[in-house]
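Enquirer: Next come the chains, spelled out residue by residue.
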Amino acid sequence: QQQVKQSPQSLIVQKGGISIINCAYENTAFDYFPWYQQFPGKGPALLIAIRPDVSEKKEGRFTISFNKSAKQFSLHIMDSQPGDSATYFCAASVNNNAGNMLTFGGGTRLMVKP
Amino acid sequence: GAVVSQHPSWVICKSGTSVKIECRSLDFQATTMFWYRQFPKQSLMLMATSNEGSKATYEQGVEKDKFLINHASLTLSTLTVTSAHPEDSSFYICSASLPGSYNEQFFGPGTRLTVL
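Residue numbers (our numbering), protein chains in the order written: chain A, 1 to 114; chain B, 1001 to 1116.
Isolated chain A, as found in the complex (with noise of 0.2 angstroms):
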């Protein structure tokens, strides 16, 4: 199975707060977690991403906690502002020499309201 299902399809945020996307995966092979954000309009812009061997990994305000046994993993934006409205996509792929194929969840819309 090479589904990623994502959740919740929209979020609102007031300003300042956090910010919880999660997904789930039933493939065990995939080993590269990457997050992506999109603006409407524009293409996906990979703002983080993270491998199995590791539980969280933080980038400024972005962090992702990876539960390896659950086969899920969520982003988490802390201090969220206006500017972060947008969609976020996350993926999953297996690190082969066909190119790394990238299976994409639903997406969420966030609203981070003044």
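The reader is advised that the hints may include incorrect statements.
[Stated by the list, open to error] Derived DEER-like restraints, expressed as beta-carbon distance ranges: (1) B:Arg1112 to A:Ser10: 18 to 26 angstroms; (2) A:Asn95 to B:Ala1072: 22 to 30 angstroms; (3) B:Gly1061 to A:Lys58: 38 to 46 angstroms; (4) B:Glu1052 to A:Pro114: 44 to 52 angstroms; (5) A:Gly41 to B:Ser1015: 40 to 48 angstroms; (6) A:Asn95 to B:Val1003: 21 to 29 angstroms.
FYI, nobody ran anything at the bench for these hints, they're computed from the structure. Using N, Cα and C, we set each Cβ at its ideal position, and we do this for glycine too.
Starting from the structure of chain A, add chain B where the hints point.
Expert: Relative to the frame of chain A, chain B by itself:
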């Protein structure tokens, strides 16, 4: 680093015509490029995987004769939508795989195609 460009950013064409979209990796050589299609408020749908110097691998349900992909060099891949119809109107996005550990993918800005 790891910048991917697309051209054009938007295009409007008449039904029955063909449209070519270019995808370039500007500061790295990409052995693999990917083409995606995205409908409004939906996730990215992989159309095909393109390796330099070889034929593209198309996902199930994607017509290879309609969506022609050419990956002639390590920095350029093109997608040609042949005999375009209104239902082909969509946002087309390419990505390039950065060689090395875990082959991270970097995305272009996308091309908005509208077929009248």
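Enquirer: The structure should be examined with respect to each hint, and the outcome stated for every one.
Expert: Outcome of the hint check:
{"no.": "1", "hint": "B:Arg1112 to A:Ser10: 18 to 26 angstroms", "verdict": "holds, 23 angstroms"}
{"no.": "2", "hint": "A:Asn95 to B:Ala1072: 22 to 30 angstroms", "verdict": "holds, 26 angstroms"}
{"no.": "3", "hint": "B:Gly1061 to A:Lys58: 38 to 46 angstroms", "verdict": "holds, 39 angstroms"}
{"no.": "4", "hint": "B:Glu1052 to A:Pro114: 44 to 52 angstroms", "verdict": "holds, 47 angstroms"}
{"no.": "5", "hint": "A:Gly41 to B:Ser1015: 40 to 48 angstroms", "verdict": "violated, 23 angstroms"}
{"no.": "6", "hint": "A:Asn95 to B:Val1003: 21 to 29 angstroms", "verdict": "holds, 23 angstroms"}
When the structure is compared with the earlier hints, a violation turns up for hint 5 alone.
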